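**Student:** We have chain L already, so just place chain R on it with the hints.
Note that the protein sequences, when read in sequence, are chains L and R.
Number 53 in the numbering used here belongs to position 53 of the first sequence; there are no gaps in the numbering.
Number 97 in the numbering used here belongs to position 97 of the second sequence; there are no gaps in the numbering.
It cannot be assumed that every hint is accurate.
Lysine-lysine pairs mimicking DSSO-like chemistry, simulated, CA-CA at most 30 angstroms apart [unchecked claim]: (1) R:Lys483 <-> L:Lys226; (2) L:Lys105 <-> R:Lys220; (3) R:Lys220 <-> L:Lys121; (4) R:Lys220 <-> R:Lys241; (5) L:Lys226 <-> R:Lys220; (6) R:Lys220 <-> R:Lys232; (7) R:Lys210 <-> L:Lys121; (8) R:Lys624 <-> R:Lys483; (9) L:Lys105 <-> R:Lys210.
Coverage of chain R stretches by chain L, computed from C-beta distances (three or more under 8 angstroms per stretch; other residues unrestricted) [as the list claims (entries may be wrong)]: (10) 115-121; (11) 142-153.
Source of the hints: derived by calculation from the structure; they are not laboratory data.
Note that the structure is a prediction, hence the values are computed from the model and not measured.
Cβ coordinates follow ideal geometry from the N, Cα and C atoms, glycine included.
Take a look at the letters that make up each chain.
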Amino acid sequence: MKQGRLASKSRRHFLGASSPLLALMVPGVCCRLARADESELYPAVLPGAALAFPRDHGAHPEYRTEWWYLTASLQSPVGPLGLQITFFRSRTPYGRDNPSRFAPKQLLLAHAALAMPDQSKLLHDQQSFRQQDVVAQYSITDTDIAIGLPNNRWTMVRTASDEYRISVNAEQFRFAITATPPATMSAPVQQGVNGFSQKGPQRVQASYYYSRPQLRVEGEYQIDNKPVSVSGTAWLDHEWSSELLAEDATGWDWVGLNFHDGSALMAFQVRTKSGEALHSTARYISVEQGQLQEHNNTAVFTNRRYWQSPRTNARYPVSVRLQTGELDLIVEPLFDDQELDSSGSTGIIYWEGAVQVWNADAVSQDGTKKGKPIATGYLELTGYANKLSL
Amino acid sequence: MQLSLIRWLAISCWRQQPGPLLAAVFAIAMGVSLGLGINLVNVSALNEFDNAISNINGEAQYQLTGAVEWIDDDILALVEQSPDVIAASPIVSLNVPLAMGENNSTVTLPVIGLDIFRAAKVAPSLLPQPDASFQGGGASSAVFGDDTVFLSAAAQQMLELSVGEQLPVLVNGRVVQLTISGHVPGVDNRSVIAVMDIGAAQWRLGWLGKLSRIDLRLAKGVDAQQWLSQLKQRGLADRAKLRLDRPDAAKQRMSNLSRAYRVNLNVLALVALLTGGFIVFATLDLAVTRLIPTLSLVSVLGATSAFRIRLVLILSVALGFFGALLGVCMGIGLAWLLLGFVGGDLGGGFFASTRPSLSLPASSLILFFILGVSAAIAGGLSPAIKLRNLSAAQALKSGQSLTLVSKLSPLVISFILFIIGGALLMLPAINGLPIAAYLAIACWLFAGVLVVSTLLGVVAQALSPRSITQSQPLLMLAVLRMKHAHNRAFPALAGVVASFALVCAMAMMVHSFRVSVDQWLEEVLPASLYVRVPDTAASAAFSVEDRNRLASIDGIARIEFARTLDLIVDPNRPSVELIARNIDKTNPNASLPITGSYLKDADTQSDCTMIYISEPASRLYDWKIGDQVALPLASQSAASTCFQVGAVWRDYARQSGAIAIERGDYAELTGDRTVSGASIWLDESTTDTEVVADIRTQLNTMPGIRIRSSEDIRTLSLTIFDRSFAVTYALEAVALLVSLFGVATTYSGEALSRTREFGMLRHLGITRRQIANLFVYESAFCIALGVIWGALLGAAISQVLIQRVNPQSFNWSMQTHWPLNQLLVAAIILVVLGACTATIAARKAAGRGPIEAVRTDW
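The shape of chain L in the complex, shown without the other chains (with noise of 0.2 angstroms):
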């Protein structure tokens, strides 16, 4: 009872001191524009900048904000689930000349889950710390990132074959995973204009954005010391900004999704505060007799489904129709309850599940489906849940 007590004033207190911490990475649920001074603390995001690989898998830390996203949608012999990563870089405006070697220049921050719809739970945890030697470090010139301390420790590495070697090792559960492109998509998918991808209505709000789709997942997850081996298809993104969203904007929802004929889709669209899309895009990639065809869009999300948190109170359009190019999706959740509470690292509560999709005319007026779904992966929902009123 009294832990009970303790934790949970904790974790107020830590809110309380960090919440706004993270309001820019996941953008729409804080939207405060950086200060005219601060505009020259970091380098803008420009078109017509090329991406140069392997040196821009690593980290860009003169920007503001960057992040490594992964997730993965898995079969086990216990079941389908779902695992997602993110490990934030943010840059603050703070110690610049400070030659502390605490001195708060670099924040990493890392947030890991694994969905399991079995039991329509979601396990998650995070980690934050200041850059330092020993427990958070991550390189400039390829993926390679490590936070936490020893028996918690988070790392994500690429290997010279290409080939993502992930290891959590959370309070809860642990996994250690490999992902490796297929042959059809060898190279990193640009995103936007040469990875050049406009967030908003103007150019300023704009990140470099490269995704790694279909990733062929191999490796284990533990809970209670009982290891599962499990594979699957995961996504990865790796974005990094100055500066992300409009003013007017409250929030995003974007999908990232696999189809089991080998193409993908990534989706997205910044909402207004009453919900109307501010700026949407979709990049479809099909193979075609082994080749990649590009389709550029817009996308329209259509909410089918709301789900209401009962910790938070937030509604989260949990099912969405999605229309973009000749593709009408309808988007389903592997269970509804994937809400994330990461108020003690990033301070954000948002929605973030493993997805399931079929064609819309799969799906009749009552929500029988017709046949296994086309394509798994993850759908984000953010900017939904209200201000925490503590």
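**Tutor:** Structure of chain R alone, referenced to chain L:
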């Protein structure tokens, strides 16, 4: 039947003499209230301190600290590589002086520098919350600001500063402006505390590369000390002399430090209770005497001696019950008043000047209630025993009062107690407390009190043949009365002797102490001016330029620099102050107030560094001259260094000990060449004020330095000394007051019981005025004897306090000095007040006419 009879007897007792019974109740109440009041204040102050400490500590499982105030921040990396560590939180914890208010009253503020991410896992209550007005979101959060500071509600209130305002702090004497950017919501509303980001704290507060401590959470089942010894296998961790403590270690240390002081105060309060017990004795003795005819009648009718004993005991329990109840209420009120007006440390200077809120632990309330009742029962024991041997038939016939019948004469008991007391003095302190010495004082006190009535008889006997006695009929009557009925005066005398003996003992001890401190101050303050940087511990320093500028000031004949830092020698004790200063090693007498001899050249170990330890350090750590000791002093060379004790010097300033070391030796050993203070000798040609002004101009970048003349320091020290003993004086006054109650009780009883005698005297032509004079003679004679005997007894007890209690509880020694004038004044006041009290009480009692008085046949 028995019970209702007892009730009837008790009520008749109350009707006959409500005054003395009330006085007895009140005396018990006084004793209980004082004891409880002081106990509650101490408990509250300790709780407050505990609270403040746990706020600064957060809720960490373990704390990793070094032997000095800081550890190298490289150690964090070592710690975080260990797989047994769940979470580690680096902390910079400082008392930062503020550049606010007057120069000579520097306010300091506890500032905690922490990493919010790491602290969240170890001690989340200290996490800061930026105010909503600070717009920076995300990574621009004010939490990480370069110069932001977060103040607890109590700190904002105390400093009268709010969010957005600047907080000017002094870092090495220079002003650094911090911006108040929010709150610390996790600490309670009494804790004055400021929180900063650890990076900003290291940078802005001059602590680069240093940490105060690392808060730790270790994995379940890890043996903490074993883990530490593994960590120490790494050179860096070993050199830092790391220690791993539970966070309550600091409370324990503070509790140990102030314990002797608190126990001393409690013992004094118990003396008041003891005196209260004597008054219960006096009252019951009187009541029993008056009840004897009634009781005799009841006994003849068949009541047993058990019944009589029960009666007295029930009476004493009733007195004790009401007295203790009243005392507990008064004690709570007293504690409340003391906390409000004097503060939690009762002037002892052990706790920061806080105003703790009152805690009321049931254990204290119950303990003092029981003590009050016990004192009353003890007071009733002797009258009860007296009644047991009542020969009812004889008593009925004679109508006379009884005298104490005991198998052992008081002189024998007294002698035995005196011997036991002497033997107890040979025993050492128990757990740092002079318990045996206190018991010895109690034995001697009882021994002295027991013989006092016999002594009165002896003195009266000696006086009776004198011509002055013979020439004055009233005086003769008085002396003869003393000679033959000296036991009747015992209750009054017992209270007077006991309280005056303790007052004398305390006064002698405090006076000796004060004179010793005064002389010591003269010795340790040879220079004219003392300059000090209000330090932020690890880095407080004058730069080399500052030093050169100081030395170049006109009018300065000599200047010496010193460096002080706190060194933890034993984790269970408070830190020892290490003083690196100029010491003439061939003649340390010139630099330090050495007690006894010092180590001659022939006995020194050439490979050891010479240290000079203070008297408390010598006693606490059992170090003697010539001993080779180990100090956890981080040495530049990895090889351990040996230290040799060169001499012991007197020190009243640092109760937990101090070690002086030659500054050159210290610098060579540690590489630390910084200094934090300077002593300045002036030329004949200049004045203090001129030089102080010059120093301020020369060091104008350091507005926070503190310059004091030796005279100022001396005055200030003695003021602090007097304040810390103010409560003692108040307690002594109360003990004397209670003893006056005893005098009043005894003499009103005397007057009543001698009504027939006075009636007879009136028949013989003696006026009422003369009877009153008779009383004045008797009481003045009695009390004067009690006071003189009390003073002698007090002198003996003062030697116990000076030679045993003080060295054993505070680890310092002093020379005896007699405060004759003060004691003479106190004695005269007591005799006059006592005689007045006695006379007034007697006059009230003997107000009836002679016929009526003679007729009274009770």
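**Student:** Each hint: holds or not?
**Tutor:** Quick rundown of the hints versus the structure:
As the CA atoms of R:Lys483 and L:Lys226 are separated by approximately 97 angstroms, the hinted pair breaks the 30 angstroms bound. A C-alpha spacing of about 34 angstroms is found between L:Lys105 and R:Lys220, which places the hinted pair above 30 angstroms, so the restraint is violated. A hinted pair counts as satisfied when its Cα atoms are at most 30 angstroms apart, and R:Lys220 with L:Lys121 qualifies at roughly 27 angstroms. Of the supplied pair hints, the one linking R:Lys220 and R:Lys241 holds, its CA atoms being roughly 25 angstroms apart against a limit of 30 angstroms.
Restraint check: the Cα-Cα separation between L:Lys226 and R:Lys220 comes to about 20 angstroms, which is no more than 30 angstroms; the hinted pair holds. Proposed proximity of R:Lys220 and R:Lys232 is supported: the alpha carbons are some 21 angstroms apart, at most 30 angstroms. For the hint pairing R:Lys210 with L:Lys121, the CA-to-CA distance comes to about 44 angstroms; that exceeds 30 angstroms, so the pair is violated. Of the supplied pair hints, the one linking R:Lys624 and R:Lys483 is violated, its CA atoms being roughly 56 angstroms apart against a limit of 30 angstroms.
With a C-alpha separation of about 19 angstroms, the suggested pair L:Lys105 and R:Lys210 falls inside the 30 angstroms cut-off, and the hint holds. For the stretch 115-121 of chain R, the assignment as covered by chain L holds, since 5 residues bring a beta-carbon within under 8 angstroms of that chain's beta-carbons and 3 suffice. By the rule of at least three residues with a Cβ nearer than 8 angstroms to a Cβ of chain L, the coverage given for the stretch 142-153 of chain R holds, with 4 such residues.
Of the numbered hints given earlier, the model fails hints 1, 2, 7 and 8; all others are met.
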